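Asks: If you read the sequences in order, they're chains A, B, C, D, E and F. Residues in the first sequence are numbered consecutively from 17, following my numbering. Residues in the second sequence are numbered consecutively from 17, following my numbering. Residues in the third sequence are numbered consecutively from 17, following my numbering. Residues in the fourth sequence are numbered consecutively from 17, following my numbering. Residues in the fifth sequence are numbered consecutively from 17, following my numbering. Residues in the sixth sequence are numbered consecutively from 17, following my numbering.
Be careful, since some hints might not be right.
It does not matter which identical chain is meant; a pair holds if it fits inside one copy or across any two.
[Unchecked claim] With a cut-off of at most 20 angstroms between alpha-carbon atoms, the simulated DMTMM-like pairs for lysine to aspartate or glutamate come out as follows: (1) Lys71 <-> Glu21; (2) Lys22 <-> Asp76; (3) Lys23 <-> Asp173; (4) Lys22 <-> Glu69; (5) Lys199 <-> Asp170; (6) Lys71 <-> Glu191; (7) Lys176 <-> Glu101; (8) Lys23 <-> Glu69; (9) Lys199 <-> Asp173; (10) Lys23 <-> Asp76.
Since the hints were made in silico from the structure, they are not lab data. None of these values were measured; they are calculated from a predicted model.
Number of protein chains: 6
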Amino acid sequence: MFIYEKKLQFPVNIRNTNPRLAGIVISQYGGPDGELGASLRYLSQRYSMPWPELKGLLTDIGTEELGHLEMIGAIVHQLTRCLTEEQTRAAGFDAYFVDHTAGVYPTAASGFPWSAGSMQVKGDVLADLAEDMAAEQKARVTYDNILRLSDDPDVNDVIKYLREREIVHYQRFGEGLRLTLDKLDEKNVYAMNPSFP
Amino acid sequence: MFIYEKKLQFPVNIRNTNPRLAGIVISQYGGPDGELGASLRYLSQRYSMPWPELKGLLTDIGTEELGHLEMIGAIVHQLTRCLTEEQTRAAGFDAYFVDHTAGVYPTAASGFPWSAGSMQVKGDVLADLAEDMAAEQKARVTYDNILRLSDDPDVNDVIKYLREREIVHYQRFGEGLRLTLDKLDEKNVYAMNPSFP
Amino acid sequence: MFIYEKKLQFPVNIRNTNPRLAGIVISQYGGPDGELGASLRYLSQRYSMPWPELKGLLTDIGTEELGHLEMIGAIVHQLTRCLTEEQTRAAGFDAYFVDHTAGVYPTAASGFPWSAGSMQVKGDVLADLAEDMAAEQKARVTYDNILRLSDDPDVNDVIKYLREREIVHYQRFGEGLRLTLDKLDEKNVYAMNPSFP
Amino acid sequence: MFIYEKKLQFPVNIRNTNPRLAGIVISQYGGPDGELGASLRYLSQRYSMPWPELKGLLTDIGTEELGHLEMIGAIVHQLTRCLTEEQTRAAGFDAYFVDHTAGVYPTAASGFPWSAGSMQVKGDVLADLAEDMAAEQKARVTYDNILRLSDDPDVNDVIKYLREREIVHYQRFGEGLRLTLDKLDEKNVYAMNPSFP
Amino acid sequence: MFIYEKKLQFPVNIRNTNPRLAGIVISQYGGPDGELGASLRYLSQRYSMPWPELKGLLTDIGTEELGHLEMIGAIVHQLTRCLTEEQTRAAGFDAYFVDHTAGVYPTAASGFPWSAGSMQVKGDVLADLAEDMAAEQKARVTYDNILRLSDDPDVNDVIKYLREREIVHYQRFGEGLRLTLDKLDEKNVYAMNPSFP
Amino acid sequence: MFIYEKKLQFPVNIRNTNPRLAGIVISQYGGPDGELGASLRYLSQRYSMPWPELKGLLTDIGTEELGHLEMIGAIVHQLTRCLTEEQTRAAGFDAYFVDHTAGVYPTAASGFPWSAGSMQVKGDVLADLAEDMAAEQKARVTYDNILRLSDDPDVNDVIKYLREREIVHYQRFGEGLRLTLDKLDEKNVYAMNPSFP
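So that you can see chain A by itself, here it is in the shape it has in the complex (with noise of 0.2 angstroms):
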């Protein structure tokens, strides 16, 4: 089970009000390569991993996501919470105003609503480790992406801390692989599942 502790990992203080910014970084809270499907895409794949320091391995990184998603929901509101009626008209920024008002809402910047069918659980080890490898490397591009969209310094500080999070998390799944091609047979060399004759 989860407790909630009454603060961010990370402080978030933006002072300037800004729509349209604040419909970029809302991919992080529910685009394709965000932190609600990298932290229930590794509290899901727990369940069916084969040893205690995977199970761990996933759970750790899943709950710091959910903190993370929150840090993202915070940047949103604090961009959008003193908005003027002309920035509400702001382009970019009508079209999820008019659905949401000044909500956060779990939807990529493109509009499309987050959708399950962006992440996969596969009840495989090796399957479900290169899966998490490669969503850590696509968010930390979103987090790129991010910094070469903002001059916001309040933003970007935010969002760097994150990006670093993600190398973190990506050299600790690197190191889940490396114990699972041990432990599974050490000639292995090209992560081929040898449960499967």
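Once you have looked at the hints, place chains B, C, D, E and F on chain A.
Replies: For chains B, C, D, E and F alone, kept in the frame of chain A given last:
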């Protein structure tokens, strides 16, 4: 942020393998009225809630629903962790098995992957609370239906517990609505937001 | 069965072309809380309603919402029927134009085609009425937001009329809920279906 | 606007409960080539039709299809309204039952909720009429297939009536296409819109 | 099986960077009436076609459409391969950029990822050919609309070529339909499949 | 462009009709980790690849996967081409049959139509190669599962061949990743793109 406590909110101990029942119960994991939608709905709506009491209410219930999601995942996992070859071919489970083996994937019983299109964050206190009360009623019916479809007492004990919690949540959201109407205008008997002239 | 009467429930006479506004208003045609979802929700739920009063209520409102869908379509059509070449390229409308020209297609403002995943028919009188009350609240907010985003009085007159109708529908569903609670059990204050022990 | 007449276009009187057949017939309620898509396609396309004859044709057929949608809903309802406990667990219906009990929900037999992505409004008279003719052919095949899968004469009588109507609609859209080609240019034998140079 | 020949069916040489136009043209890559849907529709339908002539027709056109998909991808790529930082922030492209950088992803201009729900394989020769004729008409309109929205001659030359090919395909499917009607029954003027009594 | 060679990459000769198995195998046609997603992923990603070796690698494998898609379609077709009336009603196939008869439609075994949301093109060489390696692992597991669910040797021979090809592709993408790391920076051991400071 969230902290993981390594125990379930209510114990799950399923003795009998039953893939077909797993294929039904999973609708409370990733179906239209399941625990994923519940937790994400409440944890997302809280940002735009106007008062601390409501932010706290949504955070509390949203966090508890994350624990319920974990419990449903545990039921599905325990119903399928010792599948014989013949059981994998069970009608109603083979279509799931081919793509997810015995992993826990956020899908409805129908096979439709969870979509954020099944929930809403409207950024309006009255609409969001009405959405939440409806969500609890719909989740209650899904639990009723699982109890109609299942005769496994190990499963049903957990489902009855979860069903009770939905009733409590419905009550608490009802109290949140009364609080809101009091704050807005006692005479606003039909719950229309007066902020818009 | 349905009979078409060749007039709108409320007149729509838009004088000015405005593709960008059309791209917002269309969310009440095919968006998550729009008139298509409303009419289909009510006309579908009525089959499993337990009493004639409720079947009649849902048929009445569902049929009226079909007329509202037609009115929204008329607004979108009139806002775009005389597009100049330059207007087709307007930000926020070109993405719609390339796939639908100036036709009226059931999509949200975000470009997400309408999905039945945004509505529910639960086959339970209490859950379905709660869903309906939430739907009316959410539609009311969308109309509020259109009024915030639009300064075309020809459009706004119609939107205000439609917004009023949603309030009336919310009241009528509330009366349906009271009738239901009376019939089920006067003490069932938290609206839990007693049919399941 | 639409007026409801309290009778079905063709009587529906199903004597035998058959949830599995209901789970097939529902594809004409919310499946890819069903009556919901048909009515919405025609009622949406009419706005951008260039001549009154075509607007009238689409309004007529679209309104009739609303009545067919109601008939299909009545079949599904009557096939499931007296379910025994055992029948709710029937293979192919339990996945539907858990989320919708015996309500009528707009989904395909596969469990995929109806999506507007399965229809098109192109804003071009030739393309829209070609889409409509294809839609009638596809609906005709679905009815053929229901007749292949069902041996309930009460159901089949209604399905045969509906199948005949699709053939008539196909003919009428063909007449609409001929009218269009006459108006555009008699020599435009390959039905290319000459409005674009 | 397929063999790749390292040249485009028609040359693509775009000189000017234009992310906004790329965001429109991409609808023929992954939009509802684009080349992905076309090729997959025809290559999938051929299995159940009853005669070798039709299998061959669908294989030919399906394979050609794969080459058109490649050409559209080349246009999108060349319009975005030299983006300046400022150009990445262009309205209508930033939402794409955050999730796909300058990669070519199969989405509609609206941001809706391509879905097989936008095509059909009905397993019936008449319905499938009607679907194909409609598909060609709809693709033709999308090309018309790109020409209305674009003033880049490098792009428009290619689009005009592709538009012409759709007209030819429409003719060839029309010939396939005539062949089918001849084989089935010359008097079957309304194109109803006689195989079902 | 692509040239069709009228033979399969590996022969498919299925002797026994088996609609239920067809309903499982089809997940490699249009399921989340199937051959359609594979070919489209690689053929789309190649545009933004930075070096000719990688463009060539993706074109080669993407083209081969088109041939695998064709082989899977041939299996599904041969398993269903001689259906008796009774076989069309087989549990797990009737829901498919009603909408597609015995045609080959790109859907998952669950009935969810293929969606581009199940793949990604990130426009970043490291992320795209990680996605590709994960895709091959997931496809390998699906083939493992088909082998667990099928006892038809005619089918299994083909599936084993296709499974082997996925292993080879995984190796080749691994070589592509090593090439990339060499080119980027030998010390970039955690595969982070150095292009962003």
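Asks: At 20 angstroms max between alpha carbons, let me know whether lysine 22 reaches glutamate 69 within a copy, between copies, both or neither.
Replies: between (28 angstroms within a copy, 14 angstroms between copies)
Asks: Using 20 angstroms as the alpha-carbon threshold, which applies to lysine 71 and glutamate 21: within, between, both, or neither?
Replies: This pair counts as between: shortest inter-copy Cα distance 14 angstroms, intra-copy 23 angstroms.
Asks: Up to 20 angstroms between alpha-carbons, please classify lysine 23 paired with glutamate 69: within, between, both or neither.
Replies: Close across copies (17 angstroms), not inside one copy (28 angstroms); limit 20 angstroms.
Asks: Between copies, within a copy, both or neither: which fits lysine 22 and aspartate 76 at Cα up to 20 angstroms?
Replies: both (18 angstroms within a copy, 11 angstroms between copies)
Asks: At most 20 angstroms between alpha carbons: which applies to lysine 199 and aspartate 173, within, between, both or neither?
Replies: Answer is neither: 40 angstroms inside a copy and 30 angstroms across each miss the 20 angstroms cutoff.
Asks: How do lysine 71 and glutamate 191 come out at 20 angstroms by Cα distance, when the copy is not named: within, between, both, or neither?
Replies: within (13 angstroms within a copy, 30 angstroms between copies)
Asks: Treating 20 angstroms as the Cα threshold, decide for lysine 23 and aspartate 173: within, between, both or neither.
Replies: Close inside one copy (17 angstroms), not across copies (35 angstroms); limit 20 angstroms.
Asks: Cα distance capped at 20 angstroms. Does lysine 23 pair with aspartate 76 within a copy, between copies, both, or neither?
Replies: both (18 angstroms within a copy, 14 angstroms between copies)
Asks: At most 20 angstroms between C-alpha atoms: does lysine 176 with glutamate 101 qualify within a copy, between copies, both, or neither?
Replies: Between copies only: 19 angstroms across, 31 angstroms inside.
Asks: Regarding lysine 199 and aspartate 170, is the shortest C-alpha distance of 20 angstroms or less found within a copy, between copies, in both, or in neither?
Replies: So lysine 199 and aspartate 170 fail the 20 angstroms test inside a copy (45 angstroms) and across (34 angstroms) alike.
Checked against the numbered hints listed earlier, the structure breaks hints 5 and 9; every other hint is satisfied.
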